[in-house]
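The listed protein sequences correspond, in order, to chains A and B.
Position 100, counted from 1, in the first sequence is what the numbering used here calls 374; the numbers after and before it change by one each time, with no gaps.
Position 299, counted from 1, in the second sequence is what the numbering used here calls 309; the numbers after and before it change by one each time, with no gaps.
Please keep in mind that the hints were generated in silico from the structure rather than gathered at the bench.
A few of these clues could be false.
[As the list claims (entries may be wrong)] In silico contact screen, one side only, chain A against chain B (beta carbon under 8 Å); selected entries:
1) L308
2) C311
3) M313
4) N330
5) A336
Ideal placement from N, C-alpha and C gives every residue a C-beta, glycine not left out.
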Amino acid sequence: MNLQQIIDQLNLTVLTEARGFASIAPTGGYSSDLLSCVMAGAKKGFIWITLQAHLNIVAVAALTEVAAIIVTENAQPDPASIAKANEQGVILLSTPLPTYEVNGKLWELGIRN
Amino acid sequence: MPPPTRTPTEQEVHGRHGRHITDQDAHEINRVEELSYDLKIRDVMTAEVQTATPEMPLSKILEILRINRVSGLPVLEDGNLVGILSIEDIVRAMEKNDLSSPTSQYMTHKVVTVASYDSIVKAMSIFTEKSLGRLPVIDENHKLVGMITKGDITRGILVALQKDYKEEEVRRYRASHLFEDIISERTTLVLRYTIKAGDFTQGGKASSHIKRALVRLGADPQIIRRCCIAVYEAEMNLIIHTTNGGILKLEVEPHRITMSTTDNGPGIADIAQVFQPGYSTATEQVREMGFGAGMGLVNMKRCADTIDLNSTVGEGTKLTMRIFIPNQTFGGRRKGPNDEPSTNH
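One chain only, chain A, in its complex shape (with noise of 0.2 Å):
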């Protein structure tokens, strides 16, 4: 299941530049808003699904090498965390569905890590 698919699958909004998500093929997911729990518990490659939309998620984003995050309940990243997102190659989605939903969806998926 690549990055394009779920994007697909789950109507994901695709808030950064649109960069080759066919070619990146997320390892698992990670759900929090507490920003500690996601630097301990969010591997290189996996998916963060959080309500969190302020700039420091893009940090936390960068420092653990997720493949994306998903913004859910459409929390509203301002442009300044959009641009810092693009800098970094961080990518941002973004949701109207709340993060339960999102996982079951993702782990309906394979998304099982």
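Based on these hints, arrange chain B on the given structure of chain A.
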């Protein structure tokens, strides 16, 4: 205490379709996309091109194509591009046994061109849309300056990628051999960052600079990950909790990495308490941003081999963490015979 390690699953290693997709792959695919905008047509085109004139007989053109091993020629009249003749046109003429005819009779008059200052992505989209194999390249004055083929583009991208790769390799080589090249009784590389209190917009910036430095130095990925988590928590603590910010310092030695922060207040009253998971003094505002989980020092303790926290209320706090590097394996391996970087560029 090192963090618990886990053997990566089959899926993590090979991806869902059995193909090994590394970050490097993803990075390079994106870099190709980037290059198709960065590279200009003049960077990759063939500049010295053979040309034909409208009067030239096709038999002569066939000769030029054969000798130069190309499959098409731009046709010039008084220096102006008036057409293009490809091997397919010659095949048409051959079918009619008509090779003595002039070029003008078989050439394509309406020539699709690209400008030398365009990005190669322009040529790529024309190749796809119009199923063309080669395009004449013109300059600002509409004069022919070269030809471009798909092969030129592929070669141009490969050369650019190779150059990127070599530059990074040389940088990494230099950095990873720092400790071997500089001889002293004790070599220490000190990285120092001033962290401002309350400046959440810069949160994690020092940590990402530290991460890049450690990658360049050739540190083990697991060590880098532990350092990153520890310094990120320390950096955020300076931003969240200090009165006037503080200094984040990283000292790299061949056998260990020392991370420390120093600030001048407010200080911590009960040291034992801050090591309790879930204990936090963060404000509601800070918690809303996802900080203040009360896991910062817990994370640091988990990632560092030693941690030392000293604080006096009203004076300030000094935090020191150390990670020991087994076998002093900076650069990932001991020096071998193949360790010289190639210099032929």
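Each hint tested on the structure:
1. Checking L308 (chain A) against chain B: minimum C-beta separation of about 4 Å stays under 8 Å; hint holds.
2. Of the supplied interface hints, the one on C311 (chain A) holds, with its beta-carbon coming within about 6 Å of a beta-carbon of chain B, less than 8 Å.
3. At its closest, the beta carbon of M313 (chain A) sits 5 Å from a beta carbon of chain B; the interface hint therefore holds under the 8 Å criterion.
4. The interface hint given for N330 (chain A) holds, since its Cβ lies 5 Å from the closest Cβ of chain B, which is under the 8 Å cut-off.
5. For A336 (chain A), the suggested interface contact is upheld, since its CB lies about 6 Å from the closest CB of chain B, less than 8 Å.
In summary, the structure agrees with every hint in the numbered list given earlier.
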